[in-house]
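Peer 1: For the record, the sequence lines run as chains A and B.
Quick note on numbering: our numbering labels position 218 of the first sequence as 218, and the sequence is numbered without any gaps.
Converting from the second sequence to our numbering requires adding 1000 to each position, the first position being numbered 1.
There are no misleading hints in this set.
Per the computed footprint, the stretches of chain B lying under chain A, defined by three or more beta-carbons under 8 Å from a beta-carbon of chain A, are:
id: 1; segment: 1045 to 1056
id: 2; segment: 1066 to 1073
id: 3; segment: 1094 to 1106
These are calculated hints, taken from the structure and not from any lab test.
Idealized CB from N, CA, C, for every residue including glycine.
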Amino acid sequence: MALDAAELKRLKQKARQIREEIVKITYTCGGAHIGGALSQTDLMVALYYKFMNIDPKKPELANRDRFILSKGHGGVGHAVVLGDLGYFDKETLKEFNKTGSPFGMHLDCLKVPGVDASTGSLGHGFSIAIGMAIGARLQGKKWRTYVMLGDGELQAGPVWESAMAAPHFKVTNMTTIVDRNMLCIDGSTEEIMALEPLKAKWEAFGWKVIELDGHDFNEICDGIELANASKDQPAVIIAKTVKGKGVDFMECDKKWHYAGLDDVTMNKALESLKKGAK
Amino acid sequence: MQIYGEKPTRFGYGEGLVKLGEINPNVVVFDADLAKSTTTIWFAEKFPTRFFDAGIAEQNMLGMAAGMSLMGKIPFVTTYGVFVSGRAWDQIRTTVCYSNLNVKIGGAHGGVSVGPDGATHQALEEITIMRVLPNMTVLSPCDANEAYKATLAAAEMRGPVYLRFGREKVPLLTKPEDPFEIGKAVVYRRGADVGLLATGHMVYHALLAAEALEKEGVSAYVLNVHTIKPIDEEAILDVAAKCKCLVTCEEHQVTGGFGGAVAEVLAKRRPVPMRFIGVQDRFGESGKPDELFEVFGLSAAHIAAAAKDVMKAAGK
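For reference, chain A alone in the conformation it holds in the complex:
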């Protein structure tokens, strides 16, 4: 069902604000995984500002929904979202990646409120999410686990161990999202280690597959609803995204996987985000 105009506007504005803050933190911290943080933003905004049952004032709330960023290098984007929601004073994000700061490049759940598990080594978060979802089921809890994987991450073997396990254990209280931005560090996923036909792979493993445009909030919200409603098999959303989304000179360019920004490039990036919002 299409989002009403006000809701759509709210989510879009939030996404633009999050992207601006990602750009600014990338500038202050000297370098971050900006490309993937920008590609995942709309998906994360839909989860955190529309779907997830959370209370930023009570990060340990037992019945909260869980979110695992299995593509842990997107931590800069996750931290911005958590700060914006009020899990911590967002001013402290100025210390992102500085020595002694609670915010490292890959977020540490023991240091950052709202982070449900530490991630950073690719392929781990997915299995953690499955364990959490089975744990919730054992306790008879109704909350949901959301997990986001990078597409490059899908090249890691343990992902497919997990992909085999979730349908086996009928883990349907979990929604899996793949940020399919088509780029690894060294080049396109298809050049480095081809993933296609990706939909067929997931289907063969027993998943309900939902493909959508990861920058279209109507599609994203419909897709999450559809995934959450799947009761016979776990559902994965393959969200087609653009690495560096919203900053014209970063889009689809592998060199912005990890990079720093100077005054000129930061201002250009902010300009581009502003232009795109019009």
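Assemble chain B onto chain A, guided by the hints.
Peer 2: Coordinates of chain B only, in the frame set by chain A:
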């Protein structure tokens, strides 16, 4: 030496898990298609809804266990030591230990005494690669009774624990009622000439060596170091102070293993001459356990010879 029967240490683990199933509803158990061999099947039969066979997919098994621990469960993740510590090391390091998660890891089939399965299945490196990890506790019980108590103690404490077990029957040196405390080494014999510090079922072989040495007029101090991390520094220093030389005994690579852990303590606080009984930087092989013990220089005769050699080095 008093012996109370014989049993594989992995049986002590399996019995410990069943006990935990009865007394602690949060305990869940994972295995990777080796439930019969590791003995987790005993738990699985009694508590089927709390048992998860992950299949031959150790990395996902560790991750799922980590997720469950975040839900307040106490997962015991089990398979052969060589697989759990090696194949899933990255998950143990970055997911379990980094976040200090309450995951317990049982590694069966430690040492060359695994026998016929040979090098691919004989875990000889886990002590090294587990003890190097921050937050990890490493336990290596000497017999099945101690293995049982170690399993219960692992569930009692918070944080990651690695437990090492063997395949073969080994003599029971402890009684069910004997105390067991993580981090506290147990004195078996007090002697003044040479220290024999042993872990796992090498305690038995060290005691055999001590008996042989006694016949030659050498009094050996025998210490059962069932906790390799955190290691009982004071107990080790006491042996070093009394004997001025010692031999470490492990069915494991000497590089970075139990002997290495002892050497780190002594180098820092009281250096004395040492010898290292263990696997000397080579892979295991197939064979009969007792014959392999001779081939790899692990038997009591080798320990006694090393004891005499280190005494000479200490000027005795």
